[in-house]
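**Q** The primary structure of each chain is shown beneath.
Protein chains: 2
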Amino acid sequence: MSEIHQKPIPNLPKSDLPKLVILGAGFAGLKLARNLKNQPFQVILLDKNNFHQFQPLFYQVATAGLEPSAISFPLRKIFHNSKNVTFRMAEVARLDADRKRVFTDMGFLDYDYLVLALGADTNYFGSETIEHFASPMKTVSEALYIRNKIISNYERAVNIERMEDRKSLMNMVIVGGGPTGVELAGAMAELRNNVFPKDYPELSFKNMKVVLIEAGPALLGTMSKEAQEHALDYLTKLGVEVMVETKVKDYNGKVVSLEGGEILETDTLLWAAGIKPNKIGGFSDEMFAPNGRILVDEFSEVTGMSNVFVLGDGSLLKEDRFPRGHPQVAQTALQQAENLAKNLLRDKKGQPRKPFRYKDLGSMATVGRKLAVVDLPFFKFQGFFAWLTWLLVHLMAILGVKNKLFIFLNWSWNYLSFDPSLRLLIKPRYVRASERKEPIEQKTTD
Amino acid sequence: MSEIHQKPIPNLPKSDLPKLVILGAGFAGLKLARNLKNQPFQVILLDKNNFHQFQPLFYQVATAGLEPSAISFPLRKIFHNSKNVTFRMAEVARLDADRKRVFTDMGFLDYDYLVLALGADTNYFGSETIEHFASPMKTVSEALYIRNKIISNYERAVNIERMEDRKSLMNMVIVGGGPTGVELAGAMAELRNNVFPKDYPELSFKNMKVVLIEAGPALLGTMSKEAQEHALDYLTKLGVEVMVETKVKDYNGKVVSLEGGEILETDTLLWAAGIKPNKIGGFSDEMFAPNGRILVDEFSEVTGMSNVFVLGDGSLLKEDRFPRGHPQVAQTALQQAENLAKNLLRDKKGQPRKPFRYKDLGSMATVGRKLAVVDLPFFKFQGFFAWLTWLLVHLMAILGVKNKLFIFLNWSWNYLSFDPSLRLLIKPRYVRASERKEPIEQKTTD
Numbered sequence: 001m002s003e004i005h006q007k008p009i010p011n012l013p014k015s016d017l018p019k020l021v022i023l024g025a026g027f028a029g030l031k032l033a034r035n036l037k038n039q040p041f042q043v044i045l046l047d048k049n050n051f052h053q054f055q056p057l058f059y060q061v062a063t064a065g066l067e068p069s070a071i072s073f074p075l076r077k078i079f080h081n082s083k084n085v086t087f088r089m090a091e092v093a094r095l096d097a098d099r100k101r102v103f104t105d106m107g108f109l110d111y112d113y114l115v116l117a118l119g120a121d122t123n124y125f126g127s128e129t130i131e132h133f134a135s136p137m138k139t140v141s142e143a144l145y146i147r148n149k150i151i152s153n154y155e156r157a158v159n160i161e162r163m164e165d166r167k168s169l170m171n172m173v174i175v176g177g178g179p180t181g182v183e184l185a186g187a188m189a190e191l192r193n194n195v196f197p198k199d200y201p202e203l204s205f206k207n208m209k210v211v212l213i214e215a216g217p218a219l220l221g222t223m224s225k226e227a228q229e230h231a232l233d234y235l236t237k238l239g240v241e242v243m244v245e246t247k248v249k250d251y252n253g254k255v256v257s258l259e260g261g262e263i264l265e266t267d268t269l270l271w272a273a274g275i276k277p278n279k280i281g282g283f284s285d286e287m288f289a290p291n292g293r294i295l296v297d298e299f300s301e302v303t304g305m306s307n308v309f310v311l312g313d314g315s316l317l318k319e320d321r322f323p324r325g326h327p328q329v330a331q332t333a334l335q336q337a338e339n340l341a342k343n344l345l346r347d348k349k350g351q352p353r354k355p356f357r358y359k360d361l362g363s364m365a366t367v368g369r370k371l372a373v374v375d376l377p378f379f380k381f382q383g384f385f386a387w388l389t390w391l392l393v394h395l396m397a398i399l400g401v402k403n404k405l406f407i408f409l410n411w412s413w414n415y416l417s418f419d420p421s422l423r424l425l426i427k428p429r430y431v432r433a434s435e436r437k438e439p440i441e442q443k444t445t446d
Numbered sequence: 001m002s003e004i005h006q007k008p009i010p011n012l013p014k015s016d017l018p019k020l021v022i023l024g025a026g027f028a029g030l031k032l033a034r035n036l037k038n039q040p041f042q043v044i045l046l047d048k049n050n051f052h053q054f055q056p057l058f059y060q061v062a063t064a065g066l067e068p069s070a071i072s073f074p075l076r077k078i079f080h081n082s083k084n085v086t087f088r089m090a091e092v093a094r095l096d097a098d099r100k101r102v103f104t105d106m107g108f109l110d111y112d113y114l115v116l117a118l119g120a121d122t123n124y125f126g127s128e129t130i131e132h133f134a135s136p137m138k139t140v141s142e143a144l145y146i147r148n149k150i151i152s153n154y155e156r157a158v159n160i161e162r163m164e165d166r167k168s169l170m171n172m173v174i175v176g177g178g179p180t181g182v183e184l185a186g187a188m189a190e191l192r193n194n195v196f197p198k199d200y201p202e203l204s205f206k207n208m209k210v211v212l213i214e215a216g217p218a219l220l221g222t223m224s225k226e227a228q229e230h231a232l233d234y235l236t237k238l239g240v241e242v243m244v245e246t247k248v249k250d251y252n253g254k255v256v257s258l259e260g261g262e263i264l265e266t267d268t269l270l271w272a273a274g275i276k277p278n279k280i281g282g283f284s285d286e287m288f289a290p291n292g293r294i295l296v297d298e299f300s301e302v303t304g305m306s307n308v309f310v311l312g313d314g315s316l317l318k319e320d321r322f323p324r325g326h327p328q329v330a331q332t333a334l335q336q337a338e339n340l341a342k343n344l345l346r347d348k349k350g351q352p353r354k355p356f357r358y359k360d361l362g363s364m365a366t367v368g369r370k371l372a373v374v375d376l377p378f379f380k381f382q383g384f385f386a387w388l389t390w391l392l393v394h395l396m397a398i399l400g401v402k403n404k405l406f407i408f409l410n411w412s413w414n415y416l417s418f419d420p421s422l423r424l425l426i427k428p429r430y431v432r433a434s435e436r437k438e439p440i441e442q443k444t445t446d
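These protein sequence lines are chains A and B, in that order. For the first sequence, counting from 1, position 26 maps to 26 in this note's numbering; every step adds exactly one. For the second sequence, counting from 1, position 417 maps to 417 in this note's numbering; every step adds exactly one.
Just so you know, these hints were derived from the structure itself, not from any lab. These numbers come from a predicted model, not from an experiment. Be aware that a few hints might be false.
Said to hold, decoys possible - In silico SDA-like links for lysine to any residue, alpha-carbon gap of 20 Å or less:
id	chain 1	residue 1	chain 2	residue 2
1	B	Lys14	A	Lys209
2	A	Lys206	A	Ile160
3	A	Lys206	A	Leu258
4	B	Lys7	A	Ile160
5	A	Lys404	B	Phe408
6	A	Lys198	B	Lys83
7	B	Lys198	A	Arg156
8	A	Lys209	A	Arg156
9	B	Lys404	A	Met163
10	B	Lys404	A	Lys348
11	B	Lys14	A	Phe408
12	A	Lys198	B	Lys402
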């Protein structure tokens, strides 16, 4: 992965303030940095990308509904007017808690406070072949890759004579019945129902399958019975084949074999079945829970380290209500960051820290173009109004007026035209060997 | 390049109409296909991309002002409602004029009429090292690559301690004083003047150079003296170092050596110095002019072949006014396509063809955020009003209401905010060896 330079990261602004280093600019890391804007800390934010990614809408990038730029936010721009926040694009490799030092591919950094907000990556549950052949969707690049793969599969399919030989290029199998899988399946089904037949009049789409596979007994396992049943109903109406209590045994790039022995032919296996927290070196094994999350106390501080905190998907706070940890969703990350920001300021003022208390604000998932399911703590509803609610909530959560405006226009346009217009197979420019030494090439090819 | 399948391209709609095959969906090819919508021809349009690219705005993609999708148009969408037009994504390799057959990487095609509209690629005038290390901008992918390269260079620069060692990452050298070079230089200078200092407060931009090199005696060689002088004046005011009558001898990826012996340090050499027509096999040498353009008659028909036509950059019609051929610009391509479409229909009706007559509609170039130079046949003007004219003309030329709307909003936004917001270093997902067999991977890596 990252080579570790044995020199300090240079050109950081001089400051007498305590140095707070945040690793990762996802929901948790970005929220914390923003809440500490112009506060008495020198905040240094590291991420391997120079932008924040809005994960809840990846599926719309994958299905040609939104541009990557619509849901990606340049981090330097976010902190233009906050002198105490510095961003660096770097990959973190290892922590040395005794020396209070983190090592990255751009050099090392010494800290007074360290916050790990590294998020999670796709979990293939140990299957190397699935990891090798399936398409994950945990970054905007991976979402864009899915879009390109699907379009190129169709451009190939039209040039294949026998329908039998085309099938695996046209079928789509999505594994994982959580919100991501449900939203992907719905959007893919609508592409098949409304868009592809117009794009590829030469092809017949009656036998094109969109299959959604869930290992558990129901879709949207964490949501209410009503939500689960409506989501299933909506997907079925869109022509998605939903298979619950079904496990994928293996995938060779062409054929998915299920544990029941059944097989599904597809070139496109979208894997949204699970996540595992991103790790860096420097933690002892007993600091991790079995699921790879780092054990923290009610102040998000790592048990056994001082002034090292973990937020979001990678943290595990044992609580009676959540014996196996809080849900690994944006809400948890945002609320933990909010709480930590306040506690850090309380430390400064010599006030006692307040423990983190998770507040369930509810959850929602959208199915296709005008239906959704919404669970609020004391109120559940589904259908068109739920979809409008989903739109509104996500629009509000999007950073920046421009992105809000452009996404709103895109959604209105796609809704009215029934035709997401981003079916572009834009191929990355050929990367020359001579250029592979550059970080950007390195990261795209190593 | 492309493997040539010895089988016909399958799944084409049956038709008794004469088969017109168009190679290339640039300005000429797309215009011809659109003018023959629902006319008595079976039109088969081939392009190696599944979208049309609006070249005049590549420089805005390269300088983070516009998204690739804003200037790329899915070809299948354009022809949703024209039953007689079929699109295929394919790379053309060779023509067999005697058998009236073209060979592509997706199979071969037989034609009654063949139209080459293959456009042109970057011309390095024989320098292999420049071709190897310089960045061209003849596709939207190359434009995006330039954006990523520049941003990654800056992310690297902030992590380099000594200013001396940063220089070549920060400097930009643009070769070619035509509209593309002028527009690139202006936009780059504005990034340096207005955007980068806010993004990279750690760096000093006084010694960051933006250099524009032109071999001829003046910028915008084909335009009026007024236009040339104003463009030079505008660029100089933006802080661009303009060097005319200067030739680049060589470039090693770090240092540009000029023929005068002078050198310029830069990691970023943008090459907009010349073009050469794209070629396919099957033409005899005497059919080409020295500059690689194919000789055609006043009906754009290749001299020595029947029913084979060439449009746009690749065609050369000798005319008293244009002894060395018409200007290789969008206007020529569009007017030739217009004329050919009419002549093909005249053929059908047994009417005589009308010869092509080039009508100069003028030319324009924009310099930075609110200045431009415009030459109309009987009227020349420059400055802010010229810039508004430039905006309007290009907005009108853009396909599709949605793209018009989004580009207009983007431009208004960037103009008011002084801050193009697309500074995202989105890296293509790692392409696995196992996937390289797929066309998309093949094209990105062959």
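**Q** If a hint holds in the structure, say so; if it does not, say that too.
**A** Okay, the hints, checked on the actual structure:
1. Only pairs whose Cα atoms come within 20 Å are accepted, and Lys14(B) paired with Lys209(A) is rejected, the gap being roughly 27 Å.
2. Restraint check: the Cα-Cα separation between Lys206(A) and Ile160(A) comes to about 17 Å, which is no more than 20 Å; the hinted pair holds.
3. Our distance criterion of 20 Å between C-alpha atoms is broken by Lys206(A) and Leu258(A), whose separation comes to about 23 Å.
4. This hinted pair checks out: Lys7(B) and Ile160(A) have alpha carbons roughly 11 Å apart, not beyond 20 Å.
5. For the hint pairing Lys404(A) with Phe408(B), the CA-to-CA distance comes to about 16 Å; that is within 20 Å, so the pair holds.
6. A hinted pair counts as satisfied when its Cα atoms are at most 20 Å apart, and Lys198(A) with Lys83(B) qualifies at roughly 11 Å.
7. A distance of roughly 45 Å separates the Cα atoms of Lys198(B) and Arg156(A); the hinted pair therefore is violated under the 20 Å criterion.
8. Proximity of Lys209(A) to Arg156(A) is assessed by CA-CA distance (about 17 Å); at most 20 Å being required, the pair is judged to hold.
9. The straight-line distance between the Cα atoms of Lys404(B) and Met163(A) is roughly 39 Å, outside the 20 Å bound, and the hint therefore fails.
10. Of the pairs offered as hints, the one joining Lys404(B) and Lys348(A) is violated, with about 52 Å between alpha carbons and a cut-off of 20 Å exceeded.
11. For the given pair, Lys14(B) sits about 42 Å from Phe408(A) by alpha-carbon distance, which is inconsistent with the 20 Å threshold.
12. The suggested pairing of Lys198(A) with Lys402(B) holds, with an alpha-carbon distance near 19 Å, which does not exceed 20 Å.
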